[in-house]
Amino acid sequence: DVCNSRDLPELEIISLLEEQLPVYKLRADTVFGYEQDDWLHTPLVEPDVVLDLTTEQIEETLKYFCK
Numbered sequence: 001d002v003c004n005s006r007d008l009p010e011l012e013i014i015s016l017l018e019e020q021l022p023v024y025k026l027r028a029d030t031v032f033g034y035e036q037d038d039w040l041h042t043p044l045v046e047p048d049v050v051l052d053l054t055t056e057q058i059e060e061t062l063k064y065f066c067k
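Numbering of the sequence shown is given in the working numbering, commencing with residue 1 and proceeding in unit increments.
The hints are simulated quantities; they were obtained by calculation from the structure and are not laboratory data.
Honestly, I wouldn't trust all of these hints.
[As the list claims (entries may be wrong)] Label pairs and their in silico Cβ distance ranges:
{"id": "1", "residue 1": "K67", "residue 2": "T42", "range": "18 to 24 Å"}
{"id": "2", "residue 1": "H41", "residue 2": "K63", "range": "43 to 49 Å"}
{"id": "3", "residue 1": "V23", "residue 2": "L53", "range": "43 to 49 Å"}
{"id": "4", "residue 1": "H41", "residue 2": "K67", "range": "20 to 26 Å"}
{"id": "5", "residue 1": "K67", "residue 2": "L44", "range": "30 to 36 Å"}
{"id": "6", "residue 1": "D52", "residue 2": "V23", "range": "21 to 27 Å"}
{"id": "7", "residue 1": "V23", "residue 2": "I58", "range": "42 to 48 Å"}
{"id": "8", "residue 1": "F65", "residue 2": "H41", "range": "15 to 21 Å"}
Don't be surprised by glycine CBs; every beta carbon is placed ideally from N, CA and C.
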């Protein structure tokens, strides 16, 4: 009703526009602060593992991360 009404006083329109969004505080570390072990830990592949990727696979992987 408020947004579609043409008879809304200017003061109310301004107060709606100036309404602030609540400020949230982060309560946990976004990477390592959780007790659950459902996060992916890096590195996912050990550094000494040979992956045998083709040139095309490497190029497409780099294209994906450059977007």
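The hint says 21 to 27 Å between D52 and V23; measuring C-beta to C-beta, is that right? Since D52 and V23 have Cβ atoms about 50 Å apart, the given range 21 to 27 Å is violated.
Is the distance from the Cβ of K67 to the Cβ of L44 consistent with 30 to 36 Å? Roughly 20 Å apart at Cβ, these two residues miss the hinted range, so it is violated.
C-beta pair H41, K67: status relative to the range 20 to 26 Å that was hinted: 25 Å, holds
A range of 43 to 49 Å was offered for this pair. Does it hold for the Cβ distance of V23 and L53? 45 Å, holds
CB-CB spacing for I58 and V23 relative to the 42 to 48 Å hint: 43 Å, holds
Is it true that H41 and K63 lie within 43 to 49 Å of each other by Cβ? At 26 Å between Cβs, range violated.
Please check whether F65 and H41 have a Cβ separation lying inside 15 to 21 Å. 19 Å, holds
Quick one: are K67 and T42 within 18 to 24 Å, going by C-beta? 20 Å, holds
Checked against the numbered hints given earlier, this structure breaks hints 2, 5, 6; the rest are met.
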